[in-house]
Amino acid sequence: MSVQNLEIVRSSASLWGGLTGARTLPTVSKLIDTSTCIGCKACELACQEWNDLKNVSTQSNGTYQTLPQLDAQFWNLIRFDERETNDGGFVWLMRKDQCMHCADPGCLEACPAPGAIVQYANGTVDVNPDACIGCRYCETGCPFNVPKFHEKTGKMAKCTLCVDRTSVGLEPACIKACPTGCLHYGTKDDMLALAALRVTQLKSNGFPNAAVYDPKGVGGTSVVTILAHGDHPEWYGALPPDPHVPWGVKIWKNIVRPLGFLAVAGAFVAAVGHYLNFGPKEVKGSSDSEANLPPG
Amino acid sequence: MSAVKARDRALDDAVVAARDREDVVIGNEIVRHRFASRVIHWTVAVTFFVSLFTGLPIWTPIFGWMAHLFGGLSVCRWLHPWSGVAFVVISTFQFFHWLSDMKLEENEKDWLGPGMVKYLKYQSDDSDVGKYNGGQKLFFFAASLGALGLLVSGLVMWNPELVGTILREAAIFLHDLTFILFVAAIVWHIYLGTAAEPGTFGSMVRGTVTRAWARLHHPRWYREVTGEDGGDRARK
Numbered sequence: 001m002s003v004q005n006l007e008i009v010r011s012s013a014s015l016w017g018g019l020t021g022a023r024t025l026p027t028v029s030k031l032i033d034t035s036t037c038i039g040c041k042a043c044e045l046a047c048q049e050w051n052d053l054k055n056v057s058t059q060s061n062g063t064y065q066t067l068p069q070l071d072a073q074f075w076n077l078i079r080f081d082e083r084e085t086n087d088g089g090f091v092w093l094m095r096k097d098q099c100m101h102c103a104d105p106g107c108l109e110a111c112p113a114p115g116a117i118v119q120y121a122n123g124t125v126d127v128n129p130d131a132c133i134g135c136r137y138c139e140t141g142c143p144f145n146v147p148k149f150h151e152k153t154g155k156m157a158k159c160t161l162c163v164d165r166t167s168v169g170l171e172p173a174c175i176k177a178c179p180t181g182c183l184h185y186g187t188k189d190d191m192l193a194l195a196a197l198r199v200t201q202l203k204s205n206g207f208p209n210a211a212v213y214d215p216k217g218v219g220g221t222s223v224v225t226i227l228a229h230g231d232h233p234e235w236y237g238a239l240p241p242d243p244h245v246p247w248g249v250k251i252w253k254n255i256v257r258p259l260g261f262l263a264v265a266g267a268f269v270a271a272v273g274h275y276l277n278f279g280p281k282e283v284k285g286s287s288d289s290e291a292n293l294p295p296g
Numbered sequence: 001m002s003a004v005k006a007r008d009r010a011l012d013d014a015v016v017a018a019r020d021r022e023d024v025v026i027g028n029e030i031v032r033h034r035f036a037s038r039v040i041h042w043t044v045a046v047t048f049f050v051s052l053f054t055g056l057p058i059w060t061p062i063f064g065w066m067a068h069l070f071g072g073l074s075v076c077r078w079l080h081p082w083s084g085v086a087f088v089v090i091s092t093f094q095f096f097h098w099l100s101d102m103k104l105e106e107n108e109k110d111w112l113g114p115g116m117v118k119y120l121k122y123q124s125d126d127s128d129v130g131k132y133n134g135g136q137k138l139f140f141f142a143a144s145l146g147a148l149g150l151l152v153s154g155l156v157m158w159n160p161e162l163v164g165t166i167l168r169e170a171a172i173f174l175h176d177l178t179f180i181l182f183v184a185a186i187v188w189h190i191y192l193g194t195a196a197e198p199g200t201f202g203s204m205v206r207g208t209v210t211r212a213w214a215r216l217h218h219p220r221w222y223r224e225v226t227g228e229d230g231g232d233r234a235r236k
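Line by line, the protein sequences give chains A and B. For the first sequence, position 265 matches number 265 in our numbering, and the numbering has no gaps at all. For the second sequence, position 44 matches number 44 in our numbering, and the numbering has no gaps at all.
Among the clues, some could well be false.
[To be verified] Here are some chain A residues pointing at chain B (derived, C-beta under 7 Å):
(1) I133
(2) Y275
(3) V283
[Stated by the list, open to error] Here are the in silico distance ranges between beta carbons for each label pair:
(4) A:G206 / B:L148: 55 to 63 Å
(5) B:L112 / A:V269: 17 to 25 Å
(6) A:T58 / B:W42: 51 to 59 Å
(7) B:T165 / A:W92: 25 to 33 Å
(8) B:L148 / A:T200: 54 to 62 Å
(9) A:G266 / B:V75: 29 to 37 Å
(10) A:V269 / B:A142: 42 to 50 Å
(11) B:K109 / A:P280: 24 to 32 Å
(12) B:A142 / A:D242: 38 to 46 Å
Keep in mind the hints are simulated off the structure, nothing from the lab. Backbone N, C-alpha and C define an ideal beta-carbon position, used for all residues, glycine too.
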């Protein structure tokens, strides 16, 4: 997290203050066109290099994928899938897996550490390691399985949308590195317009189910993905068809917590009420001598 | 006269007896909880409250100020699972330490309903109450079950990568529900053990109660320990 305090619009576990909203910015977004990704992994390397992440040993699972899943030191993973289409065709699918920067972030919702996960006015969701306590609740809150626990630092780590670049007018490192132009960066409005154009192209080129993946269940994302097989998002590295903030997190925050307050407060009030109504149950008389037998 | 003897003379005989004996009458006092029982109880209590006060600031930022008691939220996050493990370990000792005294009797089965209401209105017939009453026994089993629930759900929350999302959510829910009920019960445990029933707190500190206390709250235990009638039956 860089110095972006004036741009924070949402902050984890913050009841009072902590938000300034002093600056308003247009929502930004990456646009990922999976139909033109060639799986070259230039974005993976650019991410590692710009964010100065330690080299992670690759783990082959028999495909063109670098690692089975994201890692605390690997924030950008090209997922690879082979699928048979309904008409007997066969496709290779690449999808850039990273933090989706949800408009309603489940990680931020689940986070109990004040200010450890913040959302900036431009839609970026960022982890503040100074405040992060490594409780891993965000792992449960994220519908995309993105935040990862760093064993050595005891903190969570994920894509920052290169906030240190975007805040000075540069595009994210992965966008800069992409050789095929399948990655774009700009305002979300611009990216959605570009995506709609590309989907129209795909539809007229033999992909009738092409669609934009900008799931409403999390309020939309600041990483918009074009899927040639938009009717099967799950084909693309287990992309959830309808992601949302987990019910467990919502129930905990909105139902169990207030009821818990009521239950414990009720126990206190009941105890005080009992004492006022019935008083202590004690041996009658002031002393405990043999002469003072309890009432029979 | 040796120094040791002089020291013992300055001590209350009942307190000395309470070091290692229980259910014995010393003068006007009866030893209710020997040293080992009290150590187990207070170790459970300390680990419980350390777990509670390190857990509450993580549960909600409203209790964030509690984190400062331990040196910050990061310390709480580190300490909470370990104090929780200590709580469960010592609760296990406690369970087996007291299990033989906690067998629910037939006439105590209504304690979850009308029995408890009658007791709290001081309308219950306590003449057949032994060393522990039905409420104490139910609390004992509820606390033990609660410790187990907190352990299982806590281990999942501590190591979320071992299970799927559904189980993680269920663990958070179970952990919350269990500790909320636990805290509500503890509020009453403390109330009944102090303000509501004078003399009870002393049994967990000194280890002893007065004869009169025993006759009032646990008449059958009084009769068993003293061999006396206690005046309770005779007055009917």
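| request: Can you let me know if the beta-carbon spacing of A:G266 and B:V75 is within 29 to 37 Å? | output: At 31 Å between Cβs, range holds.
| request: Confirm or reject the claim that A:V269 and B:A142 have a C-beta distance inside 42 to 50 Å. | output: Given a distance of about 21 Å, which is not inside 42 to 50 Å, the answer is violated.
| message | The hint names A:Y275 as touching chain B; please verify it with the least Cβ-Cβ distance against 7 Å. | response | Since chain B brings a Cβ to about 6 Å from A:Y275, closer than 7 Å, the hint holds.
| When you take the CB atoms of B:L112 and A:V269, is the distance between them in 17 to 25 Å? | Holds, since B:L112 and A:V269 (Cβ atoms, about 21 Å apart) stay within the stated range.
| field | Whether the CB-CB distance between A:T58 and B:W42 falls inside 51 to 59 Å | value | holds, 54 Å
| query | Does the Cβ distance between B:L148 and A:T200 fall inside 54 to 62 Å? | reply | holds, 59 Å
| query | Is the gap between the beta carbons of B:K109 and A:P280 within 24 to 32 Å? | reply | holds, 27 Å
| task | Using the beta carbons of B:T165 and A:W92, state whether their distance is inside 25 to 33 Å or not. | result | Holds - the Cβ-Cβ distance for B:T165 and A:W92, about 28 Å, lies within 25 to 33 Å.
| field | Outcome of range test on Cβ distance (B:A142, A:D242; 38 to 46 Å) | value | Since B:A142 and A:D242 have Cβ atoms about 40 Å apart, the given range 38 to 46 Å holds.
| message | Quick check on the hint: A:V283 CB to chain B CB, less than 7 Å? | response | holds, 4 Å
| Does the Cβ-Cβ separation between A:G206 and B:L148 fall within 55 to 63 Å? | Hint holds: Cβ distance 59 Å, inside 55 to 63 Å.
| task | Would you check whether A:I133 satisfies its interface hint, that is, whether its CB is within less than 7 Å of any CB in chain B? | result | Because about 4 Å separates A:I133 from the closest Cβ in chain B, which is inside the 7 Å limit, the hint holds.
Checked against the numbered hints listed earlier, the structure breaks hint 10 alone; every other hint is satisfied.
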